[in-house]
Amino acid sequence: MDMKNRVIDNPFTLNEGQTIALKLTINDEQYELQVNPTIKLINLLRDHLNLIGPKVSCGIGRCGACSVFVDGVLVNACLLMAYQVNGKHITTIEGLVGVTIDEVQQAFLKEGGFQCGYCTSGMIMTVKSLLSTNPDPTEADIKEALAGNLCRCTGYGGIIRAIQSLAKSKVAVQE
Amino acid sequence: MKSNIVEKEGRVRPDGYSKVTGNLKYLTDLTFPNMLYGKVLRSPYPHAKIISINTDKAIKLPGVEAVLTYNDVPGMNRFGIIVADQPVLCEDKVRYIGDAVACVAAHSIQAAENALKLIEVIYEELPIIDSPEQALKPQAFKLHVGGNICHQAMFSEGNIQQAFEQCEAIVEETYEVPRQLHAYMETEGGVVVPENDGAITVYAGTQHGYRDRFQLSRILGLPEKMIRIVSSPMGGSFGGKDELNIQPYAALLALATKRPVKIHNSRTESFKTSIKRHPMKITVKTGTNRTGKILAHQVKIIADKGAYTTLGPAVLDFSIEHAAGPYIIPNIETEGVSVFTNNGVSGEFRGFGGNQITFALESQLDRLAELLQIDPIEIRKINLRKATDKGPLGQRIAPTDGAAQVLNGIQKLYEKTNKQYSNSQWKRYGTGIAIAMHGGGLGFGRLDSAGGRLSLNKEGQIEISFGFEECGQGLLSVIENLVVEEIGCSKEDVKIVIGDTAVVPSSGSITASRGTSVVWQSLQKLKDPFKQKILHHAGKMLHLPEQSLYLGPGGVWCFEKQAGPCLTYKECVEQLIDNTVETSFHFPVTPDAISGGHFLYSFGGVKVDVEVDLLTGKVKVLSIDHVVSAGPVISPHGYRGQIEGGGIMSLGYTLLEEAKMKDAQYVAQNFDSYLIPNIAEVPFETNVYAIEELYEGDSYGPRGVGEIGTIAITPAIVKAVHDAIGCWVSKLPISSEEILEHIESRGMLEWI
Ligand code: FES
Ligand code: FES
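Protein chains in written order, with this note's numbering: chain A, 1 to 175; chain B, 1001 to 1752.
If you're looking for bench data, these hints aren't it; they were derived computationally from the structure. All values reported here derive from a predicted model rather than from experimental measurement. Note that beta-carbon positions come from the ideal geometry of N, C-alpha and C, so glycine has one too. Check the hints yourself; a few may be wrong.
[What the hints assert, rightly or not] Okay, the calculated bits of chain B under chain A, using three or more residues with CB under 8 angstroms as the criterion:
1) 1124-1137
2) 1231-1245
3) 1278-1286
4) 1314-1328
5) 1666-1675
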């Protein structure tokens, strides 16, 4: 594993002098960083670590475009301060790809679960989170799990079909 | 009838992999060395005189590199697609709360924001005009030198006065439709990078790169050839990024500081400054004979233009044109006025005035059907256009059976599945249908140039270029699929070049459902000369007659030898000098000189089922079926996505969305209070049925489907609500209060 040491100044603040130390793991890489206490997790990821997969669309926790995992739990990265994830494991969409792309990503490709793609990384993280706890979700489960992720392009049809294709194949495998 | 469009096994969008992995760099994701962050100071008042602007304190703030005002605009301090009436940076007056007064570039966003607070602007507040009715009063003050009327348009045929006298049934109503936010998930933004020789590159989303270049050239006083626009990909646009947004500010700041400048609007900034769908009040009087044949139709439209023109006149013209929709009405009089106010600017939005007017028209038909006790399908049939009828403005159009095709399709669905839900004590169910006709392209008398380029590039790729942008609509798939189909190569052979004025030909704007049409028509013109050129060359190289060769996957194939290409494209291009064919043409237009009249139309029909909750007054859409007639489907996923997504966008328009203004200030400014449909609010299954047959002899190919899925949804939902509880809604979004009042007044709740 790479050990990354960096001092991060924040383009979002004037108090350039103040920093705090952070140790965290992002997509299986360890980072030791000096960050400004006022930086948000989403800005740390996007503006400093070049992890641009998570997006900002509302900035207030209403759209899910910034969804990432913190210790495996789905969160809105626009609502967390970087210091709140000290010592934790972060996974972004970039971390989902192993040797091949994840089955959720594959399903989105096959079923046309996106158009502009701006909501897609957040959607995929959310679907991943749903299926990891509930491999065969009902309509109500899907609606509840995805209600915090907005998509303006698809009308959700392709996204629903992508989830259903995975749920169904899981059922088939179990049988 | 179920969805009949299925993606061929394994076929994915060219931009798919990069989108699902999060690797695609949108233009707002770009950073450059030495980059500064820009912010724009907007007016806090909807209407005020600017007495003075003092930037002294702001420029002294550490980290701030430039603070610019109108004095620093080297060229024309105005922009606007049709009429350049919007100040880039206001000189002496602000007319709405999005008006820009100054802009700042600094080392950090925070520094830029702090600098904005230090700019001292002294305003003298002026009274506001916050409704078109107020603006039209004779004593109203003038918002622009030319007065408060931005545009007026009309169309008439026959004699409505006489015709109304003969009518057996007349319905008159005023329909009110709200201001809608595009709500593209990627807010406006990008980076402007100064280049060595005084030129700039603008990395920012737009729907017509060349037009941005033209507008920026005027503003910056910089020759067009010194401006390069990179405008693709985008995280959605829907018409909303058609007009300039942050580009002028980032460009001015980049030129002033000689450093790259990034501006990316926050959602709140986007909300305040972006254009919206025109709010309209549409008063309609429609009369029929006893059997339901419409004899007279009178329409009056008042549109709230907001402070500036942008594409407003064209939107109003479109509403006027579509006032009769797919129906033949012998006596019609339509007039419209688009009026300046101090409200937010209204402009181009998917559907382009068609949504508003079709809601009014289809609702009139439903009300008349009720009055006359005829079936809603029947009244439409009686009035429906025939394939070779003229267009709605009396202009000749490409013959099309689309209207009948979609109405028949909807009828089948309606008869099969009507009343599939049964009412319960607290819930009522209803079904509604509606159809729509929608013009593609810009219309007669408007510069609507199209074109593309095809070449075998030095890497041995078949390179296809268009001056278009990928906003998410699926243009790249359309291009790839068509090139593979028309040329015969494989998709691995294809390289698509779009969205960069340095390398693309002019194709016109990626608006008006014209993209697919232009790509297909261009390829019809390009493919034969291209094939000839390559085959001629390959024939010489192989010492074989051209006729024995054809273009196939990976290269040039011989009919004789089927094991693989005899010459790869890479080998073929080595000695090929003349490797390019290019075409430019005008988008197909009616031969009749009727301003704005379209030639190519697509058609959409919708059937919806709704549930009305008698306790909460909430309307829930349970199913949506679309029938679309727009020619062959090129990219099934893209087609379905456009229709389904467009439908849900209009579901939002009908049930949820209103960018309300109070005293010319936006009430909502983010997704906490402006609600767009989430997954819980949409039907789980939507069916899209595509009718691909074109009228016999039609040589115009597939039509774009970016808009048609949005149009008929609203009247269908409104009719379904009526079917459920007997309430005619004429004001959008449908309000629960209105529904509850109706339920109460009818005593529909058992315990009341
Ligand atoms: S950007 Fe975080 S939820 Fe919208
Ligand atoms: S694909 Fe564009 S917002 Fe979801």
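Hint check results:
| no. | hint | result |
| --- | --- | --- |
| 1 | 1124-1137 | violated (count 0) |
| 2 | 1231-1245 | holds (count 5) |
| 3 | 1278-1286 | violated (count 0) |
| 4 | 1314-1328 | violated (count 0) |
| 5 | 1666-1675 | holds (count 3) |
Hints 1, 3 and 4, counting from the list given before, are not met by this structure.
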